[in-house]
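In mature numbering (1 follows the signal peptide of the UniProt record, and there is no 0), the protein residues as written are -27 to -1, 1 to 346.
Since the hints were made in silico from the structure, they are not lab data. Nothing here was measured: the structure is a model prediction, and the numbers come from that model. Glycine included, C-beta positions come from ideal geometry on N, C-alpha and C. Certain hints may be false.
DEER-style ranges, computed between Cβ atoms [to be verified]:
id : residue 1 : residue 2 : range
1  : E81       : N158      : 52 to 58 Å
2  : E56       : S159      : 16 to 22 Å
3  : D216      : D128      : 19 to 25 Å
4  : S192      : L53       : 27 to 33 Å
5  : P60       : D152      : 33 to 39 Å
6  : K79       : R129      : 52 to 58 Å
7  : M92       : K224      : 44 to 50 Å
8  : K232      : E86       : 56 to 62 Å
9  : N104      : E74       : 19 to 25 Å
10 : L53       : R172      : 16 to 22 Å
11 : H89       : E56       : 33 to 39 Å
12 : E212      : I151      : 31 to 37 Å
Distance condition first, Cα-Cα at most 27 Å in a straight line; then the derived DSS-like pairs of lysine-lysine [to be verified]:
id : residue 1 : residue 2
13 : K193      : K96
14 : K215      : K232
15 : K193      : K215
16 : K79       : K98
17 : K48       : K59
18 : K179      : K93
19 : K231      : K96
20 : K226      : K48
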Amino acid sequence: MTTMSVQLRRVVYLLVLLQCFVCVACAANASGDAEQHSSTIESTEKRKEDQVLNNTVEGAYEYIAHVYGCLSVLKEKKELCEEKYKPAEIALGTITTMVGEIEKIKREQNVSEPGHEWMKGKKAKIHENMNAVGDLAVSLVDVHLLLHACGALRDRLKVDVEKLAEVRNSSEANQTLIDLTKQLNSALDVTDSIFYADRVKEDAKKAMKDLMESLGNASKHVFDPVDIRGKKEINDTVEKRKDALFEELEKAKEEAKKKYRYLVQVEVVEEKEKSEVEDQPSMETEVPRREEESQKAQQKEAIKEVAGIKNTGEKEEKQKQEGEITEVANGTKMEAVKAIKAIQESDGSNSPALVCSPLLLLLLFVLGCTLVC
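Sequences are here, hints too, so could you generate the full structure?
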């Protein structure tokens, strides 16, 4: 009867002890699954952040191309307009002088138009002045078309630039875009030269009309039909200028893409390096993980040693083995409790389901020992 009690007691010890280790292993697996799930979530979030970064940089890069294109073409056309302003102003004075001479001849000679003597050599000079005014008019058409198009672009980008700045305050691409936008704002201001050029164009237009009226029938010998443009011809000229400016803007935009392409590469490389540094595990988390793995390996070896003990059939040997098993059980039980606490502290899993199961088994272990003994 005593031998049977000893054997039953040993069986109870082994079963409860093995069950404890099973619970610990399950808890470790659950912790590993949680860590893997957390790692998956972090990886997904990282991919989303990378996508946002790429979209942000690409968006800023596209805006830079548009702004740079508008800025470069607008500056070029404004400089050209300022160059055309002075010759047109001189032409205005010359045409006004001609009108005065014609009116004087008509009054003194009491004629309706100037004679052939006055007309000699005047046709080439009139055409020269008309060309100067026409060049200024075409240049002003380009400037005003660009002011309208680039102003609309500036207004459209205002909100987008602010959003990009919120996403990446330190972005070199965004800073470049902001700087170019400031330059564009400055270029969109109508300078005095443009204002005076518009006034010269309008005054020259009126002076040429007065010249045609003063010449009377003689104007047919001075002005070709192609020089007398109606509203339709002027609108056609504006449409042609629009097409030409669109081609120039596209060309400038392509040049900007080549010039600022490095911004995309630099931005992405810097962000990847930053992410790699942040993803490197710290020593504070690496050391406890290695210790935990070592404890698990020792626990597995202890289970193998306990499970490999065989019955010899002799009472003295059984009592000796019983004492050894009891010591191993007590020692391993403490290691199991420590392992459970270490796992709970490392992964923060203090849920009731995880804590109560090993404690309940330990309680059953004590009760079983009491009943058997």
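inquiry  = To test your reading of the hints: which numbers does this structure violate?
reply    = 15, 19
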